[in-house]
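*Asks:* Below, each chain spelled out in residue letters.
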Amino acid sequence: MSVNSLILRNLKKNIKNYYLYVFALAFSSALYFAFVTLQYDPSMDEVSGSVKGGAGIKAASVLLIAIVTVFLVYANNIFIKRRSKEIGLFQLIGMTKNKIFRILTAENFLLYFGSVTIGIFIGFATSKLILMILFKVTSVDDIAKLQFSIEALVQTIIVFAIIYLVIMLMNFIFIKKQSILSLFHVKSSAEGRVKRVSLWEIIIGILGITLIVTGYYVSSKLFSGDFVTMNSLAAAMIFILASVIIGTYLFYRGSVTFVSNLIRKSKGGYLNINEVLSLSSIMFRMKSNSLLLTVITTVSALAIGLLSLSYISYYSAEKSAHDSALTDYYFTNHEDAEVFKTALDDRSILYKEREIEVIQADFDMTDVVEVKTEDSNMTDTSSMVTPVISEQSIEGVNLKEDETLFSGYADIMDQFMSFKAGGDVTLKTKENDLALQFLGTNKESVVPFHFTAGGVPTAIVDDSVFQQLKENYDPEIQIDSMIYIGMDLEDDNDLEKAEELYSSFKFNHHNVSQLDMSKKYKLIYGLTMFIVGFLGLTFLITSGCILYFKQMDEGEEEKGNYTILRKLGFTQFDLLKGIQAKQLFNFGIPLVLGLFHSYFAVQSGWFLFGNELWTPMIMVMCVYTVLYSIFGILSVLYYKKVIKESL
Amino acid sequence: MKILEANKIHKSYGNKFNKQEVLKGLDIAINQGEFVSIMGASGSGKTTLLNVLSSIDRVSTGSITIEGKEMTGMKEKQLAEFRKHYLGFIFQDYNLLDTLTVKENILLPLSIKKVSKKEANQRFEGIARELGILELQDKYPNEISGGQKQRTSAARAFIHEPSIIFADEPTGALDSKSASDLLNKLSELKRNRKATIIMVTHDPVAASYCDRVIFIKDGQIYTQINKGDEERKNFFKDIMKTQGILGGVQNER
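If you read the protein sequences in the order shown, they are chains A and B.
When the first sequence is numbered by full-length UniProt numbering, its final residue is 647 and no position is left out of the sequence of numbers.
When the second sequence is numbered by full-length UniProt numbering, its final residue is 253 and no position is left out of the sequence of numbers.
Just so you know, these hints were derived from the structure itself, not from any lab.
Remember, predicted model here, so these are calculated numbers, not experimental data.
Honestly, I wouldn't trust all of these hints.
[Stated by the list, open to error] Residues of chain B clear of chain A, computed beta-carbon distances all greater than 10 Å:
id, residue
1, Ile-3
2, Asn-31
3, Gln-32
4, Ala-41
5, Gly-68
6, Glu-135
7, Arg-212
8, Lys-217
9, Gln-243
[Unchecked claim] Rough simulated footprint, nothing fancy, chain A against chain B, three-plus residues with beta-carbon under 8 Å:
id, segment
10, 81-88
11, 92-103
12, 111-117
[Claimed, not checked] Calculated cross-link-like contacts (lysine-lysine; reagent style DSSO-like; alpha-carbon spacing at most 27 Å):
id, chain 1, residue 1, chain 2, residue 2
13, A, Lys-577, B, Lys-113
14, B, Lys-118, A, Lys-267
15, B, Lys-118, A, Lys-265
16, B, Lys-77, A, Lys-640
17, B, Lys-139, A, Lys-559
18, B, Lys-84, A, Lys-559
19, A, Lys-265, B, Lys-113
20, A, Lys-85, A, Lys-16
21, A, Lys-420, A, Lys-400
22, B, Lys-139, A, Lys-287
23, A, Lys-559, B, Lys-113
24, A, Lys-644, B, Lys-113
25, B, Lys-114, A, Lys-265
26, A, Lys-644, B, Lys-69
27, A, Lys-641, B, Lys-113
28, B, Lys-117, A, Lys-267
29, A, Lys-267, B, Lys-114
30, B, Lys-139, A, Lys-265
31, A, Lys-640, B, Lys-84
32, A, Lys-577, B, Lys-77
33, B, Lys-77, A, Lys-641
34, A, Lys-644, B, Lys-114
35, B, Lys-118, A, Lys-577
36, A, Lys-177, A, Lys-97
37, B, Lys-75, A, Lys-577
38, A, Lys-520, A, Lys-497
39, A, Lys-640, B, Lys-75
40, B, Lys-19, A, Lys-644
Here a beta-carbon is modelled for each residue, glycine too, at the ideal position from N, C-alpha and C.
Produce the entire structure from the sequences given, and follow the hints as far as they go.
*Replies:* This is how it looks when you write it as structure tokens:
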């Protein structure tokens with residue numbers, strides 16, 4: 001038999017084992033090619049021009065390479081170990097190591113570049129689809145059309161060729177290092193031997209769980225006002241990360257063993273088949289994979305967390321735009337407003353108008369404000385610039401001459417300061433100071449972010465006080481405008497027409513269209529979500545594959561056990577039920593842990609990103625869980641085959 | 001009383017064009033409480049016979065009944081059910097699960113039968129004490145010696161009180177001291193529990209502990225000898241003699 005036919009036969013024999021590898025490789029090369037194509041595509045300018053989308057996509061493609069390289073190197077390691085016997089056999093019949101290496105290289109070459117070629121074709125075919133998805137999430141109205149990009153092709157081929165060389169180098173080192181004897185034994189030495197549960201492991205186990213719980217606890221306290229300076233906040237975040245990641249590692253290293261051992265002990269040696277297959281096997285195997293599992297869990301948590309946060313931002317884009325603009329349109333200048341109003345009237349578009357005079361004034365709030373942060377620019381409570389409006393601008397507010405109410409108090413402010421329920425404040429005009437009684441705060445914002453520096457509450461005062469202020473305000477602290485003219489369309493169906501009008505004018509002063517703003521938000525968050533989403537998907541598929549490959553190996557190793565159990569009279573169905581329980585743990589533990597990690601991460605700071613937590617987060621988590629479960633199900637199917645063949 | 005009866009069992013491997021007949025019409029009957037060993041040269045079909053009798057493999061033609069139940073027509077699921085109630089196994093390479101302790105390994109067959117925990121513990125203590133492995137109960141298989149492993153395996157075979165125990169070269173991997181220990185224990189268990197044991201071996205010493213030895217050659221029964229009231233030593237000599245004839249003929253060919 002010639003070497004060539006040997007290669008082909010090996011390939012044929014192994015292709016069944018490799019189908020997921022081929023799939024993952026094709027998928028990642030397809031995605032990489034599509035990303036690179038997008039990068040070179042002229043129609044991306046609209047997305048990239050405004051928010052540096054090109055840079056984002058470029059960064060994503062670099063990350064993609066990192067994920068794919070790690071995956072391929074890891075998968076290759078699993079495969080070469082599996083074939084060590086074969087390599088040993090070749091050596092035994094007198095083949096040189098170099099020749100074996102050449103055979104392996106050729107074999108891998110066919111498999112690898114076959115998959116990459118398939119991937120590039122799929123990538124080209126789907127890059128239009130991907131672009132359409134991108135346009136859809138970023139609400140860009142453009143027709144997705146793509147040309148085949150030679151640059152993208154060349155770049156993809158170069159990158160994957162380099163990864164191939166890395167893999168070959170690893171194989172070369174592996175083969176060089178092995179002797180014939182050790183090749184025959186490599187499989188059995190790869191997994192840790194069964195050992196008694198030691199006291200040390202119990203300690204590690206308890207420590208692992210404690211660290212994770214501590215990390216969670218601190219994360220829930222992160223933004224509740226216990227950490228007030230930037231430094232302590234950063235320290236707390238680093239602490240959470242370290243404690244959760246180390247905790248996760250120790251969890252796999254000891255806690256799983258420890259907990260399953262406790263359960264076993266409680267059974268007094270009388271285990272049923274599910275426990276035999278799941279508990280006893282996981283107990284010893286999770287430990288040897290603890291580093292891998294920690295990485296998978298942490299990166300899954302990161303992916304789910306980032307995806308949730310970007311989805312929360314995206315989901316809240318309209319609400320955020322509404323919060324910062326308040327009305328469909330607003331202007332800060334009478335001329336601009338008049339131009340737009342006339343245009344609206346001409347088209348007979350009905351709208352409600354509100355006009356509010358806003359004056360920035362200096363307050364002494366020493367009596368009512370408690371500052372939590374030590375950052376210097378926020379601490380001076382005796383001189384705080386605050387927008388002031390008259391009670392007459394707001395419906396349903398009636399204040400006495402010496403009273404003031406603060407409206408539009410943002411949650412984020414809690415981080416830095418808190419208001420007391422009542423007290424005295426001093427409004428400083430240019431000439432005299434007015435003592436006012438502070439009635440408290442409410443959340444409803446009354447003027448757009450433009451006037452409130454993004455979250456400072458607005459002081460509402462009696463009209464007489466306001467008139468005094470108007471006479472005597474300090475011009476130094478005013479912003480570019482002192483008037484807010486808001487317009488709300490009566491009929492939302494007119495929005496499109498109004499938007500068309502709005503964009504046809506060129507205004508001289510600051511003005512905002514809420515629709516335009518929410519589109520801008522959506523563009524940014526949509527692009528982020530798009531990139532994080534596809535990276536997350538790649539990671540999910542590659543890590544799912546690695547877990548699956550591990551399970552394939554485990555299945556082969558445990559085949560002997562299934563033979564014994566079937567001889568003892570367990571049916572295939574009994575065994576399969578046990579395997580399902582086992583896979584529930586094998587795939588479920590990293591998944592649940594990852595979900596918990598990301599839940600606590602998102603929970604601690606989600607309000608910085610948007611105003612809806614549950615819907616976006618749960619959707620992301622469900623999608624992740626479903627996709628992830630596919631690999632669990634595939635592995636059960638593989639086990640089914642192993643069990644069937646075991647007798 | 002006959003507990004196992006096999007009539008004209010044939011077993012062949014391979015396809016239509018390349019057929020290898022391993023069993024060529026064997027008839028075997030085993031009585032309740034008998035300790036029978038099957039001997040023969042390598043490739044004579046003794047392991048195939050054991051597999052077929054113990055329902056792990058299927059016969060091509062012929063019938064096998066255990067306790068009056070015909071096994072040959074049973075479906076996979078019924079066979080598993082059958083094994084769990086009527087059969088016990090001891091193997092040359094022990095076939096213990098590495099990840100389970102001695103006690104857990106031994107109790108495995110009971111967990112399928114849903115025996116109560118209390119009764120399971122009682123039975124475990126009984127059998128483990130008889131086999132002298134009670135103090136090993138919390139050890140893992142890789143922490144005990146080959147002889148102890150094989151006794152664990154034997155305990156697992158006996159614990160659910162099966163009708164027949166099949167032993168495939170149980171002494172094959174043991175040194176002579178452990179082997180004779182095990183065989184003494186097996187004989188003892190057989191007497192105390194009135195168990196039926198069918199053992200495949202090519203070790204005449206092991207065979208000499210049995211009540212009856214069946215010799216197989218080329219897929220057929222060559223002869224069989226009974227121990228009767230003889231001493232074990234004499235019986236051993238008989239076995240050696242028979243084996244000599246059996247082997248001699250083979251070598252001349």
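*Asks:* Compare the structure with each hint and give your call.
*Replies:* Results for each hint:
Its beta-carbon lying about 18 Å from the closest one in chain A, Ile-3 of chain B satisfies the requirement of being farther than 10 Å from that chain. Listed as a non-interface residue, Asn-31 of chain B keeps its Cβ farther than 10 Å from every Cβ of chain A; the least gap is roughly 24 Å. Separation of Gln-32 of chain B from chain A is adequate, the least Cβ-Cβ distance of about 21 Å exceeding the 10 Å criterion. For Ala-41 of chain B, the non-interface assignment is confirmed: its Cβ lies about 25 Å from the closest Cβ of chain A, beyond the 10 Å cut-off.
Under the 10 Å C-beta cut-off, the non-interface status given to Gly-68 of chain B relative to chain A holds; the minimum distance is some 19 Å. For Glu-135 of chain B, the requirement that its beta carbon stay farther than 10 Å from each beta carbon of chain A is met, with the minimum near 14 Å. Every CB of chain A lies more than 10 Å from the CB of Arg-212 of chain B, the least distance being 25 Å, so the non-interface label holds. Distance check for Lys-217 of chain B against chain A: the nearest CB is about 27 Å away, which clears 10 Å, and the non-interface claim stands.
Non-interface call for Gln-243 of chain B relative to chain A: holds, since the shortest CB-CB distance, roughly 29 Å, exceeds 10 Å. With a cut-off of 8 Å between beta carbons, the segment 81-88 of chain B has 6 residues touching chain A; three or more are needed, and the interface restraint holds. Given as covered by chain A, the segment 92-103 of chain B passes the check, having 8 residues with a CB less than 8 Å from a CB of that chain where 3 are the minimum. Here's how the segment 111-117 of chain B fares: 3 of its residues keep a CB closer than 8 Å to some CB of chain A, so the rule of at least three is met and the hint holds.
With a CA separation close to 16 Å, the supplied pair Lys-577 of chain A and Lys-113 of chain B stays within the 27 Å bound. For the given pair, Lys-118 of chain B sits about 11 Å from Lys-267 of chain A by alpha-carbon distance, which is consistent with the 27 Å threshold. Restraint check for Lys-118 of chain B and Lys-265 of chain A: satisfied, since their Cα atoms lie roughly 15 Å apart, inside the 27 Å limit. Distance restraint check for Lys-77 of chain B and Lys-640 of chain A: the Cα-Cα separation of roughly 15 Å lies within the 27 Å cut-off, and the hinted pair is therefore satisfied.
Distance check on the hinted pair: Lys-139 of chain B and Lys-559 of chain A sit about 23 Å apart at the alpha-carbon level, within 27 Å; holds. A threshold of 27 Å between alpha carbons decides the hint, and for Lys-84 of chain B with Lys-559 of chain A the separation of about 20 Å falls inside it, so the pair holds. Distance check on the hinted pair: Lys-265 of chain A and Lys-113 of chain B sit about 21 Å apart at the alpha-carbon level, within 27 Å; holds. A C-alpha spacing of about 18 Å is found between Lys-85 of chain A and Lys-16 of chain A, which places the hinted pair at or below 27 Å, so the restraint holds.
Proximity of Lys-420 of chain A to Lys-400 of chain A is assessed by CA-CA distance (about 20 Å); at most 27 Å being required, the pair is judged to hold. Taking the CA atoms of Lys-139 of chain B and Lys-287 of chain A, the gap is near 20 Å; set against the 27 Å cutoff, the hint holds. Between Lys-559 of chain A and Lys-113 of chain B the alpha-carbon distance is near 23 Å, which keeps this suggested pair within the 27 Å criterion. Under the criterion of a C-alpha separation no larger than 27 Å, the hint pairing Lys-644 of chain A with Lys-113 of chain B is consistent with the structure, at around 22 Å.
Restraint check: the Cα-Cα separation between Lys-114 of chain B and Lys-265 of chain A comes to about 19 Å, which is no more than 27 Å; the hinted pair holds. Pair hint Lys-644 of chain A plus Lys-69 of chain B holds up; C-alpha atoms about 25 Å apart against a cutoff of 27 Å. Of the pairs offered as hints, the one joining Lys-641 of chain A and Lys-113 of chain B holds, with about 26 Å between alpha carbons and a cut-off of 27 Å not exceeded. About 9 Å separates the Cα atoms of Lys-117 of chain B and Lys-267 of chain A, which keeps this hinted pair within 27 Å; it holds.
For the given pair, Lys-267 of chain A sits about 14 Å from Lys-114 of chain B by alpha-carbon distance, which is consistent with the 27 Å threshold. For the proposed pair Lys-139 of chain B and Lys-265 of chain A, the alpha carbon gap of about 13 Å is at most 27 Å, so the pair holds. At roughly 21 Å between alpha-carbon atoms, Lys-640 of chain A and Lys-84 of chain B fall within 27 Å of each other, so this suggested pair holds. Of the supplied pair hints, the one linking Lys-577 of chain A and Lys-77 of chain B holds, its CA atoms being roughly 15 Å apart against a limit of 27 Å.
Between Lys-77 of chain B and Lys-641 of chain A, the direct Cα distance comes to roughly 17 Å. Compliance with the 27 Å bound is thereby established for this hinted pair. Only pairs whose Cα atoms come within 27 Å are accepted, and Lys-644 of chain A paired with Lys-114 of chain B is accepted, the gap being roughly 24 Å. About 25 Å separates the Cα atoms of Lys-118 of chain B and Lys-577 of chain A, which keeps this hinted pair within 27 Å; it holds. Taking the CA atoms of Lys-177 of chain A and Lys-97 of chain A, the gap is near 10 Å; set against the 27 Å cutoff, the hint holds.
In summary, the hint linking Lys-75 of chain B to Lys-577 of chain A is supported, as the alpha carbons are separated by about 20 Å, within the 27 Å threshold. Proposed proximity of Lys-520 of chain A and Lys-497 of chain A is supported: the alpha carbons are some 19 Å apart, at most 27 Å. Taking the CA atoms of Lys-640 of chain A and Lys-75 of chain B, the gap is about 18 Å. The hint holds against a cut of 27 Å. Among the hinted pairs, Lys-19 of chain B with Lys-644 of chain A is consistent with the structure: their alpha-carbon atoms are about 25 Å apart, no more than 27 Å.
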